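K.L.:
Sequence:
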Amino acid sequence: MAIAKTIDTKFSHNNIEAKWRSMWEKNHTYKISDESKKERWYELTMYPYPSGDLHVGHWFAMTGADIHARYKRMNGYNVLHPMGFDAFGLNAENAAIQRGIHPHKWTMDNISRMKKQLDTLGPMYDWDRQVITCLPEYYKWNQWFFLQFLKNDLAYKGFAPVNWCPSCVTVLANEQVIDGICERCDTEVTHKDMDQWFLRITKYADELLDQESIDWPDRIKTMQTNWIGRSEGVEFEFDISHCNLEETKLKTFTTRIDTAFGVTFVVMAPEHPLASSITSKSELESVQNYISKSRQSTEIERLATDREKTGVFTGSYCINQLTGEQIPIFIGDYVLASYGTGVVMGVPAHDQRDFEFAKKYDLEIRVVIAEENYDQTEISEAYIGPGIQINSGNFDGLSNMQGKIEIANHIEKEKFGNKKVNYKMRDWLISRQRYWGTPIPIIYCNDCGAVPVPEEDLPVILPEDAEFLPTGESPLALHEEFVNVKCPDCNKPSKRETDTMDTFVDSSWYFLRYTSPKFSESAFDPSTAKLWNPVDQYTGGVEHAVMHLLYSRFFVKAIRDLGLIDYDEPFDRLFNQGTIIYKGHKMSKSRGNVIAPDEYVEAVGADVVRTYLMFIGPWEQGGEWNDSGINGAVRWLNKVWDLVHSNTSLLPNEISEDLVNQNNRIKNQTIKKVTEDIDKFKYNTGIASLMEFTNQLIELNSSKKITSDQLRDTIETLLLLISPIAPHISEELWEYIGNEFSVHQSEWPRYDETLIDDPTVTFIVQVNGRVRDKITLASDISENEAKNVALESPKIKPHISGKSLNRVIFVPGKLINLVVS
RNA sequence: GCCGAAGUGGCGGAACGGUAGACGCGCCGGUCUCAAAAACCGGUGGGGUUAAACCCGUGUGAGUUCGAAUCUCACCUUCGGCACCA
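Our numbering numbers the first residue of the first sequence as 304 and each following residue consecutively.
Some hints could be false.
[To be verified] Derived CB-CB ranges, DEER-like: (1) E979 x G866: 40 to 50 Å; (2) L512 x S579: 36 to 46 Å; (3) I682 x M704: 47 to 57 Å; (4) C751 x Y870: 43 to 53 Å; (5) D609 x Y677: 47 to 57 Å; (6) D489 x V845: 12 to 22 Å.
Calculated directly from the structure, the hints in this document are not laboratory data.
As the structure is a prediction and not an experimental result, all values here were calculated from the model.
The C-beta atom is built at its ideal place from N, Cα and C for all residues, glycine as well.
Using the sequences and the hints given, assemble the complete structure.
P.N.:
Structure, rendered in structure tokens:
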């Protein structure tokens, strides 16, 4: 795509940028030392997937993080701001299938291209710290963590109905299915029953709910809380001992045990293991038809909430142990197998879904919680509010809140069930039936079962010479040499696990690896990890709210319990930058609306692109790329360039004290504003005030209201303030004014609060709240004096003449409001 | 359906109880030029006026307040998240 016509920079941006990048490289300007005595700051931004080309969205994310990291560094911190690549993933494998390029080559080629592109941005990365997750030196530790998890009952293999993406040809974790659609390829997800590896994230459900100690956006915290979905209730058992099954009890889960006397039916999920066996002979055919039909329906169909509730009677009954009543058992697909016990007690009077089901199948609707003024007539919808227990045996007359407690206690005492906490979140399914990922270090032996690969045999290397067929068959499963091994325990011929790990395993601990990327004795050097972690400031997109961000929190808690680290949360602060859109849409290759930064960098330079991106709008919000908007950034940096290069020999040597103070005021105000804005990631307004500052200096220069010494000093401040945003040109100009290399190793300017306040100020004079005049007054003027001045104002007089002054509102240094009538 | 965020010039946005529209883009007029671009100067919410004054204006409607884009309530729209979780 050809870039829009831009105006030209007045400086040769390409030379300047190349010059300083090589200077920084040569001087190790951004090399990070673990030994520094300075306070440490870990500024992390989410590492990219090496998809091929860096687009403007990457630049947007990375520039914002780089600015903040540079700012922290100038404020005296030893800053770790590393970069790496999330290098395993399906795109690489699909490229192999479609174009015959090996995933390793595809990935590494992309990485080297993206690194070059990233370097043109002028970031303060120390590439010695880079992490590339597809290399054995990294994924070995995925395997090692897996083995530790296995030992500590945090990893297990389980047979379960799982999400299957027919396009990616693999299973997916629940977090990776969004509204029934595969998160990465937008294909409708189906179900399969498979034996898969899980990580026991649910063990940490309650701890993950505790977000007290982390400074994260509420939005993300809420999303995680909703995802975990804790609910307290009772597992209530119905007696089925008369059914001649192994099980004698049918377990249901409810949060409304107060309604247990209103149960008029029970519904089982179609996938429930007893669904067929509990069915009577006469109903078997219709039940099996129903089950197979519902199994064929897609996730999307099943999730539609406005769908009519359907079900089928099993011909069997269970006993409500509280009442001794016979309760009909149904199969219905509005009940989810994966939540609770997969069986629901139907209380149509107090649950809308059950109500609809009862209406459809003509089942009794028995009110057991009476709302205020309940008149015993038939109800037209379920009543879910509070009320008084009725038709509830000994519990009649209690409030349902009390009923909830006492019925639960009664059930526990009589051993009809137990109080129980349930979570919506499931364990993390990490098996993937694909090649380009970390091999799961397990060997299956006929005699010994699933045997972990001994730690000393790690890493289990992903074989290079795999065949990539478009059949969906995992290349590893076809790789004889890889598959056929000896059992580590008994030495008999055995088979390797051919599934690989979810790539979210890689990103769950990469922030630890950055602290010692070459350490070979373990996943990370405990001493340097302790030095840098947890991450002080993490930035990235909001799309990882319940995937990467949740998994990482789990990982940290899990390895803390293994004794490897001693803190609870990976990321102390989190900030989500927004998205850059173009032509009204998020940029994507398929839509053909991708802005490649390279051409703009060539045309106007990285500093301009950085500045423009940060100026578009609040970093938090993102915004629309506007082809002509970039001219504003060019003009500004041109002005800065001209200002610094302007001839100052004609400036006066002395000016009035008032002018000196005023010039100082502008400078100190700007330092304060820019400091506060960068601190809060409000780059757009920070840049705006720098533009204003530049305009003011140009004006002072041309009107000779500044001495050359003061101008030089002020320009120095300007360059320091610009340097995190436009690192190259500020370095060039820093050198030009005769300062020592490097502006990036200089201290952030301080402001003097006492120099900021203006001795005179424009007072707003209002009459009845409407602005009628503006008068310049001493900022510390008293109410009385201000009132007298205001009353004398020719602009005010007509508005108050003939009226009586009832009240005066006075805001010191700002405003006076005369209330008249 | 539930929860959350947001609605401000032609556009991106600023202000977040006290001058609405900072800063920038674009546009209009001027200077320079043979001409254009760039640069520079001026203008740029609507009405009104020779010019002022003045009136209207931050999604809609009410309210609180001396004063509301900002706080409260209701509604509309947009965007996110959740959504048969028992």
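K.L.:
If a hint holds in the structure, say so; if it does not, say that too.
P.N.:
Verification of the hints:
no.	hint	in the structure
1	E979 x G866: 40 to 50 Å	42 Å, holds
2	L512 x S579: 36 to 46 Å	37 Å, holds
3	I682 x M704: 47 to 57 Å	21 Å, violated
4	C751 x Y870: 43 to 53 Å	38 Å, violated
5	D609 x Y677: 47 to 57 Å	29 Å, violated
6	D489 x V845: 12 to 22 Å	18 Å, holds
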